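Trainee: Chains as they are written, first to last, in the working numbering: chain A, 1 to 291; chain B, 1 to 390.
Rather than coming from a laboratory, the hints here were simulated on the basis of the structure.
Predicted model only: the values in this text are computed from it and were never measured.
Glycine residues also receive a C-beta, built at the ideal position from the N, C-alpha and C atoms.
Misleading hints may appear alongside valid ones.
[What the hints assert, rightly or not] Here are some chain B residues the structure puts well away from chain A; computed CB gaps all over 10 Å: (1) T2; (2) A6; (3) D26; (4) E123; (5) T142; (6) Q146; (7) R152; (8) E153; (9) Q170; (10) L185; (11) L297; (12) W316; (13) V318; (14) D319; (15) Q344; (16) Q360.
[Said to hold, decoys possible] Below, a sample of chain A positions facing chain B; criterion: calculated Cβ distance under 7 Å: (17) G93; (18) F95; (19) T99; (20) R278.
[Claimed, not checked] Under 10 Å between C-beta atoms, here's a sample of chain B residues computed to sit facing chain A: (21) D232; (22) Q236; (23) M238; (24) A262; (25) E375; (26) L386.
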Amino acid sequence: MNSPMSDMTLNGKLFTAGIDVGSSAIKTVVVRTSADDREEVLALRTDRIRKRDLRKVIQEAYSMALEEADVAPDSVAYAASTGEGELVDFRRGHFYGMTTHARGAVFLVPEARAVLDVGALHARAMRIDEKSRVLGYRMTSQCASGSGQFLENVARYLGVALEEVGSLSCQASTPEQVSSICAVLAETDVINMVSRGISTADILKGIHLSMVGRYLKLLRAIGAEEHVLITGGLAADEGLAEAMREQAAEAEMGLTIHTHPHSIYAGALGAALWGSFRHRVLARRAGTTEN
Amino acid sequence: MTPDLAQLVERVTHLYEDLHFQSVHDWKSEEPGRHAIGYMPIYVPRELVHAAGMLPVGILGGGDRLEIIRGDAYFQSYICHIPRSTIELALTQRLEALDGMLFPSICDVIRNLSGMWQMLFPERYVRYIDLPQNFDPAVGGTFWRQELDTLREDLGRIGGREIADLELRQSVVKYNENRRVLRQLYEARSERPWFFPTSEVYLVLRAGTVLPVEEHTKIVRRYLELAPLQDDRRDQDMSRVVLVGMFCEQPPLGLLITLERAGCWIVDDDLLLGLRWMSGDIPEDGDPLQNLAIAYLEQSAQTASVYQPEGRRGAWLVDSVQRNVAEGVIFCAPSFCDPALLEQPMLVAALEREGIPHTQFKYSENTGQFAVIREQAGTFSDSIRLWSEA
Numbered sequence: 001m002n003s004p005m006s007d008m009t010l011n012g013k014l015f016t017a018g019i020d021v022g023s024s025a026i027k028t029v030v031v032r033t034s035a036d037d038r039e040e041v042l043a044l045r046t047d048r049i050r051k052r053d054l055r056k057v058i059q060e061a062y063s064m065a066l067e068e069a070d071v072a073p074d075s076v077a078y079a080a081s082t083g084e085g086e087l088v089d090f091r092r093g094h095f096y097g098m099t100t101h102a103r104g105a106v107f108l109v110p111e112a113r114a115v116l117d118v119g120a121l122h123a124r125a126m127r128i129d130e131k132s133r134v135l136g137y138r139m140t141s142q143c144a145s146g147s148g149q150f151l152e153n154v155a156r157y158l159g160v161a162l163e164e165v166g167s168l169s170c171q172a173s174t175p176e177q178v179s180s181i182c183a184v185l186a187e188t189d190v191i192n193m194v195s196r197g198i199s200t201a202d203i204l205k206g207i208h209l210s211m212v213g214r215y216l217k218l219l220r221a222i223g224a225e226e227h228v229l230i231t232g233g234l235a236a237d238e239g240l241a242e243a244m245r246e247q248a249a250e251a252e253m254g255l256t257i258h259t260h261p262h263s264i265y266a267g268a269l270g271a272a273l274w275g276s277f278r279h280r281v282l283a284r285r286a287g288t289t290e291n
Numbered sequence: 001m002t003p004d005l006a007q008l009v010e011r012v013t014h015l016y017e018d019l020h021f022q023s024v025h026d027w028k029s030e031e032p033g034r035h036a037i038g039y040m041p042i043y044v045p046r047e048l049v050h051a052a053g054m055l056p057v058g059i060l061g062g063g064d065r066l067e068i069i070r071g072d073a074y075f076q077s078y079i080c081h082i083p084r085s086t087i088e089l090a091l092t093q094r095l096e097a098l099d100g101m102l103f104p105s106i107c108d109v110i111r112n113l114s115g116m117w118q119m120l121f122p123e124r125y126v127r128y129i130d131l132p133q134n135f136d137p138a139v140g141g142t143f144w145r146q147e148l149d150t151l152r153e154d155l156g157r158i159g160g161r162e163i164a165d166l167e168l169r170q171s172v173v174k175y176n177e178n179r180r181v182l183r184q185l186y187e188a189r190s191e192r193p194w195f196f197p198t199s200e201v202y203l204v205l206r207a208g209t210v211l212p213v214e215e216h217t218k219i220v221r222r223y224l225e226l227a228p229l230q231d232d233r234r235d236q237d238m239s240r241v242v243l244v245g246m247f248c249e250q251p252p253l254g255l256l257i258t259l260e261r262a263g264c265w266i267v268d269d270d271l272l273l274g275l276r277w278m279s280g281d282i283p284e285d286g287d288p289l290q291n292l293a294i295a296y297l298e299q300s301a302q303t304a305s306v307y308q309p310e311g312r313r314g315a316w317l318v319d320s321v322q323r324n325v326a327e328g329v330i331f332c333a334p335s336f337c338d339p340a341l342l343e344q345p346m347l348v349a350a351l352e353r354e355g356i357p358h359t360q361f362k363y364s365e366n367t368g369q370f371a372v373i374r375e376q377a378g379t380f381s382d383s384i385r386l387w388s389e390a
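Throw the hints in and build the complete structure from the sequences for me.
Mentor: Written as structure tokens, this is what we have:
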């Protein structure tokens with residue numbers, strides 16, 4: 001079974017792409033792998049779905065990422081999807097979220113041995129090794145609390161832009177812990193707090209702390225030690241990371257919580273990097289078959 | 001999908017979804033005096049039913065489209081799902097087209113079901129097909145020949161005429177032909193699985209449980225022609241897996257779709273194994289009943305409900321993995337299926353001796369949530385692709 005793309009390298013350089021289809025945004029990454037196995041990120045982009053035709057958003061995001069990377073579509077040796085990637089019609093392969101976040105995490109923070117992936121709909125903690133192998137994992141249940149969607153709802157109730165949530169949370173002086181982090185009851189909780197005159201910053205910090213309580217339970221359950229990288233859509237929320245650091249220190253868990261400017265691309269990045277790996281494996285096999 | 005394939009798939013899907021067996025009613029009404037005989041998984045000698053001028057009809061439970069109201073009263077909660085939905089089908093008059101029912105010896109549950117059938121429907125023909133577990137022709141062969149003789153006489157009595165040797169030979173020819181095209185289908189899928197998704201192959205296969213064999217052979221041939229013409233089907237980097245444990249209670253179609261979406265090309269399976277039971281052709285001349293008896297001893301598929309000598313269990317699975325260039329095995333068995341789940345540790349041991357990766361999960365014919373299975377199968381597929389050579 002020879003791959004039709006077995007020799008798809010340009011001057012010893014291999015181009016691969018990763019497309020992470022999330023529930024609210026598409027993350028696209030283009031990576032170049034050199035002959036000496038050096039991996040370099042050429043393009044990263046996030047496109048919000050905003051009730052648009054998903055197939056169309058994916059195609060546009062991919063085309064623009066390739067343009068940004070200055071790579072022609074037919075030069076891409078392996079386009080890999082992750083997340084809800086079934087709608088990526090042009091994919092050569094699909095990798096599961098845990099696999100890709102683990103790979104992306106080790107690429108971004110090589111010392112990371114645990115990943116906390118907080119997406120729009122769920123949070124997932126994974127213990128990984130230095131080769132990105134997933135050694136154990138725990139996920140939040142189907143309940144929306146503790147997810148990005150929950151935080152987005154709260155921000156909307158408070159009239160705060162999602163991008164401002166982190167910085168506002170960091171300004172809190174006396175955070176108010178919410179009595180329940182049930183996504184359904186959150187609106188009532190928030191209204192109560194607003195009517196009691198609690199500041200927006202304190203409300204947001206309180207919500208962050210409530211969410212973090214759940215995440216630390218997940219990390220404890222997988223036996224996370226030392227370096228943890230936050231990935232997924234909420235990785236960009238500095239307030240959440242700060243709350244994690246505070247709570248982890250308070251609980252004396254011995255964790256170093258990392259974020260990275262490219263954390264939200266961990267899934268797409270991992271898909272592109274695994275795509276590069278798989279392309280080389282398949283090319284080697286095809287070569288072996290040919291020989 | 002091209003219109004002609006869409007039409008074919010629509011037809012087999014309709015047959016799969018029809019829990020009132022309208023196609024069987026239609027077949028019977030075409031000619032007065034026709035009879036239909038139902039059978040449970042896994043194997044019954046359908047050639048004999050066919051030679052009697054009757055339609056063998058596979059009864060495979062109610063799947064995920066039947067609400068169980070009365071069936072649960074007949075079985076404890078720790079019994080699998082297929083007998084309760086089969087009882088439900090019967091008690092809701094969905095099996096009225098059947099003039100008789102054959103219950104092969106799969107497990108105790110199906111044996112008990114045959115007893116229940118005799119009590120519930122005393123006016124109908126019911127036979128427990130006691131398949132031999134001794135493969136010595138002088139012992140198991142003699143026994144099985146006698147069983148076949150009895151079945152031949154019984155069916156002759158129901159049909160109002162004796163089954164002639166010539167008729168039986170002609171039926172053997174028809175079923176040989178059908179099994180040959182099914183073997184071709186399995187080979188084609190193994191070679192280029194992207195053209196033959198298992199969720200579709202299964203429906204094509206399943207049509208063979210309700211249609212006359214001649215018609216089913218034509219459908220399979222047509223599918224073999226049409227599927228490779230689909231331009232929208234292309235190779236992808238997915239794992240090649242063998243699926244095991246689905247020989248009796250059938251998985252919901254959504255489960256097969258989920259496994260494929262999770263990145264698994266299914267290159268071999270034991271779905272509807274009875275249709276493909278014989279590994280080769282049954283001799284078409286000579287004593288046809290003796291040929292049927294010997295074929296069972298010498299050409300039977302190997303599966304959980306068939307005796308295999310000590311230490312041999314799993315050899316067929318390893319062989320399937322190697323023959324189909326599979327990269328792993330998914331054990332996917334119905335909850336509470338004694339044969340499948342008791343055999344599993346022996347199969348696992350055989351795979352581990354060869355270093356073949358495997359994973360396992362359970363289903364019920366009416367399972368409706370596949371998120372966990374998808375995650376597990378997807379991660380298994382990833383682990384095969386990424387760690388086998390990392």
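Trainee: Look at each hint and say if it fits the structure.
Mentor: A quick look at each hint next to the structure:
Once the 10 Å rule is applied to beta carbons, T2 (chain B) is consistent with being away from chain A; the minimum gap is 18 Å. The beta carbon of A6 (chain B) sits about 19 Å from the closest Cβ of chain A, which is more than 10 Å, so the claim that it is off the interface holds. Residue-level check passed: D26 (chain B) sits 38 Å from the nearest beta carbon of chain A, beyond 10 Å. Residue-level check passed: E123 (chain B) sits 50 Å from the nearest beta carbon of chain A, beyond 10 Å.
No beta-carbon of chain A is positioned within 10 Å of the beta-carbon of T142 (chain B); the least distance is around 48 Å. Distance check for Q146 (chain B) against chain A: the nearest CB is about 49 Å away, which clears 10 Å, and the non-interface claim stands. Look at R152 (chain B): its CB is around 47 Å from the nearest CB on chain A, clear of 10 Å, so calling it non-interface holds up. Every Cβ of chain A is farther than 10 Å from the Cβ of E153 (chain B); the closest lies at roughly 52 Å, confirming the non-interface assignment.
Every Cβ of chain A is farther than 10 Å from the Cβ of Q170 (chain B); the closest lies at roughly 41 Å, confirming the non-interface assignment. With a closest Cβ-Cβ approach of about 19 Å to chain A, L185 (chain B) is found to remain outside the 10 Å limit, as its non-interface label requires. Its beta-carbon lying about 37 Å from the closest one in chain A, L297 (chain B) satisfies the requirement of being farther than 10 Å from that chain. Every C-beta of chain A lies more than 10 Å from that of W316 (chain B), the closest at about 24 Å, which supports listing it as non-interface.
Listed as outside the interface, V318 (chain B) is consistent with that label: its C-beta sits roughly 21 Å from the nearest C-beta of chain A, beyond the 10 Å cut-off. D319 (chain B), annotated as away from the interface, keeps every beta carbon of chain A farther than 10 Å; the closest lies near 20 Å. For Q344 (chain B), the requirement that its beta carbon stay farther than 10 Å from each beta carbon of chain A is met, with the minimum near 24 Å. In this structure Q360 (chain B) is separated from chain A by more than 10 Å, as the shortest Cβ-Cβ distance comes to about 18 Å.
Interface hint status for G93 (chain A): upheld, as the beta-carbon distance to the closest one in chain B is roughly 3 Å, under 7 Å. Taking 7 Å as the C-beta cut-off, the interface hint given for F95 (chain A) holds, the closest approach to chain B being about 5 Å. Among the interface hints, the one on T99 (chain A) holds; its C-beta lies about 4 Å from the nearest C-beta in chain B, closer than the 7 Å criterion. Satisfaction of the interface hint for R278 (chain A) is found here, the shortest Cβ-Cβ separation to chain B being roughly 6 Å, below the 7 Å cut-off.
The interface hint given for D232 (chain B) is met, as the beta carbon of that residue sits about 9 Å from the closest beta carbon of chain A, less than 10 Å. A cut of 10 Å between beta carbons decides the hint on Q236 (chain B): the least distance to chain A is about 6 Å, and the hint holds. Restraint check, M238 (chain B) versus chain A: the minimum CB separation of about 7 Å is within 10 Å; hint holds. Because the closest C-beta pair between A262 (chain B) and chain A is about 8 Å apart, less than 10 Å, the hint holds.
Evaluation of the E375 (chain B) hint against chain A yields a held restraint, the C-beta minimum of about 7 Å falling below 10 Å. Hint status for L386 (chain B) relative to chain A: holds, with the closest Cβ pair at about 6 Å, below 10 Å.
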